[in-house]
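There are 6 protein chains.
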Amino acid sequence: MRLHVVNPNTTATMTAKIAAAARAVALPDTVIDARQPTMGPVSIEGFYDEAFAVPGMLGCIREADRDGADAHIIACFDDTGLDAARAVAQAPVIGIGEAGFHIASLIAARFAVVTTLSVSIVPIEHNLTKYGLAARCAGVRAAEVPVLALEERNADAIGKISSEITAAIREDRTEAIVLGCAGMADLAAELADRHGLPVIDGVAAAVTLAEGLVRLGLKTSRLGPYASPRAKAYSGLLASFQP
Amino acid sequence: MRLHVVNPNTTATMTAKIAAAARAVALPDTVIDARQPTMGPVSIEGFYDEAFAVPGMLGCIREADRDGADAHIIACFDDTGLDAARAVAQAPVIGIGEAGFHIASLIAARFAVVTTLSVSIVPIEHNLTKYGLAARCAGVRAAEVPVLALEERNADAIGKISSEITAAIREDRTEAIVLGCAGMADLAAELADRHGLPVIDGVAAAVTLAEGLVRLGLKTSRLGPYASPRAKAYSGLLASFQP
Amino acid sequence: MRLHVVNPNTTATMTAKIAAAARAVALPDTVIDARQPTMGPVSIEGFYDEAFAVPGMLGCIREADRDGADAHIIACFDDTGLDAARAVAQAPVIGIGEAGFHIASLIAARFAVVTTLSVSIVPIEHNLTKYGLAARCAGVRAAEVPVLALEERNADAIGKISSEITAAIREDRTEAIVLGCAGMADLAAELADRHGLPVIDGVAAAVTLAEGLVRLGLKTSRLGPYASPRAKAYSGLLASFQP
Amino acid sequence: MRLHVVNPNTTATMTAKIAAAARAVALPDTVIDARQPTMGPVSIEGFYDEAFAVPGMLGCIREADRDGADAHIIACFDDTGLDAARAVAQAPVIGIGEAGFHIASLIAARFAVVTTLSVSIVPIEHNLTKYGLAARCAGVRAAEVPVLALEERNADAIGKISSEITAAIREDRTEAIVLGCAGMADLAAELADRHGLPVIDGVAAAVTLAEGLVRLGLKTSRLGPYASPRAKAYSGLLASFQP
Amino acid sequence: MRLHVVNPNTTATMTAKIAAAARAVALPDTVIDARQPTMGPVSIEGFYDEAFAVPGMLGCIREADRDGADAHIIACFDDTGLDAARAVAQAPVIGIGEAGFHIASLIAARFAVVTTLSVSIVPIEHNLTKYGLAARCAGVRAAEVPVLALEERNADAIGKISSEITAAIREDRTEAIVLGCAGMADLAAELADRHGLPVIDGVAAAVTLAEGLVRLGLKTSRLGPYASPRAKAYSGLLASFQP
Amino acid sequence: MRLHVVNPNTTATMTAKIAAAARAVALPDTVIDARQPTMGPVSIEGFYDEAFAVPGMLGCIREADRDGADAHIIACFDDTGLDAARAVAQAPVIGIGEAGFHIASLIAARFAVVTTLSVSIVPIEHNLTKYGLAARCAGVRAAEVPVLALEERNADAIGKISSEITAAIREDRTEAIVLGCAGMADLAAELADRHGLPVIDGVAAAVTLAEGLVRLGLKTSRLGPYASPRAKAYSGLLASFQP
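Protein chains in written order, with the working numbering: chain A, 1 to 243; chain B, 1 to 243; chain C, 1 to 243; chain D, 1 to 243; chain E, 1 to 243; chain F, 1 to 243.
Watch out, some of these pointers could steer you wrong.
[What the hints assert, rightly or not] DEER-style ranges, computed between Cβ atoms: (1) 66(F) - 151(A): 40 to 50 Å; (2) 66(C) - 144(D): 57 to 67 Å; (3) 23(F) - 228(E): 35 to 45 Å; (4) 28(F) - 68(A): 16 to 26 Å.
I should point out that these hints are in silico values taken from the structure, not numbers from a laboratory. Think of the CB as a built atom: it goes at the ideal place given N, C-alpha and C, for glycine as much as any other residue.
Same shape as in the complex, but just chain A (with noise of 0.2 Å):
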């Protein structure tokens, strides 16, 4: 099977890290083909980075799809674009925020989520009550690590995310962690000892998730908000996306 892994940033060693923690789970005969666009910003920290790391990002799944992708996955924790990527795609879409959450919620009644930076908090707080699952979050905090500082795995920026998941236990009654970043998917085995409960890496979860729904030859519906985009005339410097 042929899974398309989408860094929606332009960073390639994240895209590498991505790639490297996928394949660390996927199947045998699982291809990952990891991509990355070749236009917007380096790493997406907030709404605005979000909204310019979408077209590229739509761009990499029409052409995986095209390219026979069995399912894609977006692997930004905010969940870039996936609302527009499953009524594009033909291959199941899976964000790795709701993989994440998903997974989460079949081991611990409770999840606090460690993310990046503060201006991420509602952001991922709006995704969780979309997907529903708000009830099941002891809370959202960020370590004040911003994404790109991750590529260069400093023991400052693990010792501040340890220290969020130290107060996420005591002060939120969390049971487990979701790591709240693509760029933290190496981290979660070391703090999941360190800390002694279960830590969640939605990269990874994200496989499983997406391999699960090809061997069920499951695929986005097309009965409500997800029904293929209607053909129509797009301009200027995004016309070529016109669906």
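Based on the hints, put chains B, C, D, E and F in the right spot on chain A.
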């Protein structure tokens, strides 16, 4: 005062209709600066179109902001790109969807929304939930009239919208109607007369709210998700939009 | 246009302060007609005072309505008697509590309320739930300053309110403050400066919303709970209020 | 024990019917002290009537409290003035609306309410939301029978109520019915027989709950919104009600 | 009237304490028939114990039902097996958890629960959500006192419970306390005195509610999930329990 | 990997059908170990049957856990005993109800459930609320087909299920269907073809999720309600189940 009203699609007749609706209710000394992007879809029907309307719309916001706009109005009922616009604009920003919901809440315990196509029902429901006003909404109904069909203002389109209003009164116990598309801005008065209940056009509603914010001296808070975007590199087609 | 602003308590200095706050933001051609009842409590602190403020307040509403008011504003943060006023008035009616919540929702994802006494926290929470905006509220805090202590505008009262704002920013992740008493109308600007976030006074907010409804030609819907009261006999002291 | 049952309207036949319903279920040693105010409306239909029923009703509460009532029951299904009564009375206070909802919750997963006029649907829904029991309610239906029409106990009124019960069973998946008006207190047994499901009269329900609170020695908490009203001046017609 | 009170665990001293608490509040002509199963756990702490307490408890319910019980009370704060008991019993059934929540709702806007071990917090929160009363609950706290430690009534256990009450008042803005274990039935009066707020024991609360249902002639509705179980074969150890 | 799939009822043909459905989707190296208890009901229809299916089901869980199961699946749509199983098992546990809901959430904004008998609607709604996914559910419908009637796979049963799917599409705006009984596992493909929307069988869904958890190395958190049961004595018929 200077109000920037952006039609996020590229259809000029619709921009003109929106501008007229805005001017009809604006204060004498308010200048309505109506814009539309040069790139993106001719109409916004569902999540995919939304994604490609946002960059151009945000471009208009940034330019109008630099040109001294006192407030911005996003004239698409899905409130396309509203959160990103709030983060990047110096002036406050209002979506016509939220404007319709808030104003309706002041004159009715429950309101219904009548929009164009059923593909837009879930996006509108997502917004109602995000804003907190879902409990005030008696239902979102689609007239199954494409956005651009409204530009012809034919009797058939009005008839379909009118039928849904009748159904909302009889079946959903609604007390007021919010028209679910900027392209319906010219129908509010006629439909209110015909059905004997308040009918709210989001464009007009947003103008009074935007003027209100300006007169109150209120701007978007920078403490949370609407903090100014961090400086960073954007690449490719969208590089010029970097914060 | 003629805006009737009713202070539901009998304290004339407070009525004057409210009228000044309303006039400061009103449009040039808006006449602020500030009234207060001749019967009822000197201040409204909790459910019991509310009950006895309502009849006199509704008397003011009925008289101002007959005198040609274009809209009514109830200048008590508990939105005392708002539903009854909507049913009986020809003109639309806005409470300063709801006005504050709706306006705050346009400039912040989350807002906190700072009110006078803790006895008012639950009534305000009830309203937030009724309006649907509870999910937007980061918390309701009491400064433990009695309403009439605000009339003296002493530093101690402002200090206590300021402390609660500091706590709301630090502990509740609030992005904006709604002042929870009409008697705080003169403090908004000073507190916004001191704390660096938007501070909303409900009186000013309500003026712009009321002017907006009038300019939009919108009145309270008669289809649901705000149908005009049925004619019937009232006895005793309150007989003259019968519909 | 001494139970004060106050009919908040001024219709003596209704007070008598309520008193009879209360006595029919009261314990042998319970004295039912039924009162009605000397001021206010002859029936309560909607928010406006409520506002003018409250002062007289609270007068009855204060007098009966001084006369040694062990508990108070407010016999209007809107629970008119309940919060204010709790704050001022020494003895605990129960509304017949909340009584009906709580008792229904003990014998059914979902219950429906059948009330008099549709103007009362939203006030009842507000209460259900405030009490937290909205999720237990399968729907609030109006038989479109005015309150005083129930005093004539004509077949037509019963027929309309019965039709709504049939509809609630068939369309709303209800398991029990709560009668939504004190004036329906004498219909519960007949309707339960006819429809084969539990039918709850709030007056009778409230009597058993009030006796329960007294026997448990429980009184309204003074820690929150039901703290005793602060001493202050009231003016005019209502001056004698000051705390 | 005959009230069956079942302690779902097998600890006889606890059954005796529960029976005493029930008798202390029961009506003079109420016979308290206290039972405990011969199979199952000595105490119920968490989901696993619950599962094995239910069959024996339902055996008691069936036997007492055949013996002419007018109502049943399940004296475990988790309301263990309540739904199943409702389906099988002819007489109405009340859990002490729900009893505590409903009674607390009549005397306070918000109540807190203090239970034994933290493993029980989530089961209690599930119930609050299921009943609809989660919004009334200021928090569920655990004193970290095992159930059977309460049988020794040592000062340490009471001290820990008392500390949590202090914290609930100070941090959670609670107005009343519901004791979260049948084994705390004898502590309510002492703790109410010490902390100056209403403290509710679910056993006593349930007795008055059960007597109320019997006097009202109300039984569990058979229209929904509490329809009598369909006849079918059960095998093995539990064969004798088949419906 | 070794997946234990327990059919909580005692009907061997149903266990065989469930095992076949599990094997059809399982990975090549996954061993499906299908078990059923030797005690308990032949089918689970409502709360009472559930109560007596749980002990035997938990017995299977404990035995399979000792036999080295890598994960457990509870193959009853009510997720019977899921919480208790999580507490006692070393390996992670998934219910087919929750599996169906989570997988449906990845391919549709709204899904409907079609179950067997209406007595199961409320138990399923309780679960949806507990899991947080109630807002995603367009409705739970009963085909009024008893569980064991599905074992005969007659056209009548399929016709009734099909009718409810038609109604859910037309009346509830559903985008996908979750089949509400393990006994429907063989109908998903046929119904998906007939109705042109995704139809999800919980057994197959659970297999992919369970394999996912195992591959991710995730186990149930011990920090909250799923802490291992405390050692204690159990008596009588169920003594051997003591933790």
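Which earlier hints can't be squared with this structure? 2
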